[in-house]
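Asker: Residue strings, one per chain:
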Amino acid sequence: MSTNYGSKRVVVGAHYGLRDWLAQRATAVLMALFTIVLVIECLLPGEMSYEKWAAIFSHQWMKVLTFVTIVAIIWHAWVGVRDVLMDYVTAVAPRLVLQVAAIAWLVGCAGWALQVLWRI
Amino acid sequence: MADAKAIKKRPGQMRLIDATQYRLPPAGWVSILHRVSGLIIIILLPFVIWMFDTSVTDEISFDQFRTAFTGGIGFVPAFVVKLAALALIWGFLQHFCAGVRHLYMDFTHTVDKEFGRVSALVAIGIAAALTLVFAYKLFIGY
Chain U
1 MSTNYGSKRV
11 VVGAHYGLRD
21 WLAQRATAVL
31 MALFTIVLVI
41 ECLLPGEMSY
51 EKWAAIFSHQ
61 WMKVLTFVTI
71 VAIIWHAWVG
81 VRDVLMDYVT
91 AVAPRLVLQV
101 AAIAWLVGCA
111 GWALQVLWRI
Chain Y
1 MADAKAIKKR
11 PGQMRLIDAT
21 QYRLPPAGWV
31 SILHRVSGLI
41 IIILLPFVIW
51 MFDTSVTDEI
61 SFDQFRTAFT
71 GGIGFVPAFV
81 VKLAALALIW
91 GFLQHFCAGV
101 RHLYMDFTHT
111 VDKEFGRVSA
121 LVAIGIAAAL
131 TLVFAYKLFI
141 GY
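Residue numbers (my numbering), protein chains in the order written: chain U, 1 to 120; chain Y, 1 to 142.
By construction, these hints were calculated from the structure, which means they are not laboratory data. Watch out, some of these pointers could steer you wrong.
[As the list claims (entries may be wrong)] With a straight-line cut-off of 27 Å between C-alpha atoms, the simulated DSSO-like cross-links for lysine-lysine are:
hint: 1; chain 1: Y; residue 1: K137; chain 2: U; residue 2: K52
hint: 2; chain 1: U; residue 1: K52; chain 2: Y; residue 2: K82
hint: 3; chain 1: U; residue 1: K63; chain 2: U; residue 2: K52
hint: 4; chain 1: Y; residue 1: K82; chain 2: Y; residue 2: K137
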């Protein structure tokens with residue numbers, strides 16, 4: 001069998017994981033950015049209270065950043081869960097069930113989070 | 001025939017239980033802890049959103065959020081709420097520190113063994129130290 005990896009890889013089909021790999025990095029940077037912004041907002045002068053906490057999320061730019069971060073979390077988590085399931089669950093049926101369950105779980109959580117975010 | 005014998009000796013597909021048989025280097029620990037911490041966060045997502053919901057909705061729900069850590073939530077005692085919060089805190093810190101290490105290595109193409117070892121210990125150390133600070137705040141200083 002000749003070399004079929006790296007630059008010699010015979011590329012056929014749809015995609016080879018680069019998109020997922022890259023998406024995981026890009027979403028990671030976004031979530032780190034959100035974390036830094038939120039920590040700075042919390043450390044700004046003033047006693048932590050409901051007013052201060054709710055005010056952080058009342059700005060439209062923060063809502064947009066939080067929205068993008070929620071999408072980033074489920075995307076990032078999906079790539080991660082898929083990697084873990086591919087490594088440890090080899091039988092097709094349980095893997096498929098767990099994958100579908102993970103998607104349902106993540107989409108459900110995202111929907112709830114967005115509902116909360118949108119009514120602030 | 002010798003070839004067939006050699007093939008038979010191969011360990012075959014790795015099972016999860018096999019992972020416990022290895023003495024992992026620090027980088028290996030970071031790798032497995034990245035998976036563990038990621039799963040902890042995913043499983044605790046409803047708790048995160050519950051905290052987000054109650055803390056930002058209004059002042060009444062904000063009080064509900066605060067008392068969860070002193071009087072519990074429904075039948076769940078405050079101690080369990082605090083433990084869940086601490087698991088979440090460690091999971092987040094570990095995932096964050098290991099993630100920054102990962103990104104740094106990807107961006108700078110730092111792949112030598114020594115950096116992998118030292119940065120792994122630093123990532124685990126920072127996450128553990130900060131977790132202790134939060135644990136103190138959560139269980140003693142609160």
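Asker: Just to be careful, I want the Cα atoms of K52 of chain U and K82 of chain Y compared with a cutoff of 27 Å; is the pair within it?
Answerer: holds, 23 Å
Asker: Holds or violated: K63 of chain U and K52 of chain U, Cα atoms, limit 27 Å.
Answerer: The given pair, whose Cα atoms are some 15 Å apart, holds under the 27 Å limit.
Asker: Given the hint that K82 of chain Y pairs with K137 of chain Y, test it: the Cα-Cα distance must not exceed 27 Å.
Answerer: holds, 11 Å
Asker: Check whether the Cα positions of K137 of chain Y and K52 of chain U lie no farther apart than 27 Å.
Answerer: Roughly 20 Å between the alpha carbons, so the hint for K137 of chain Y and K52 of chain U holds.
Of the numbered hints given earlier, the model fails none.
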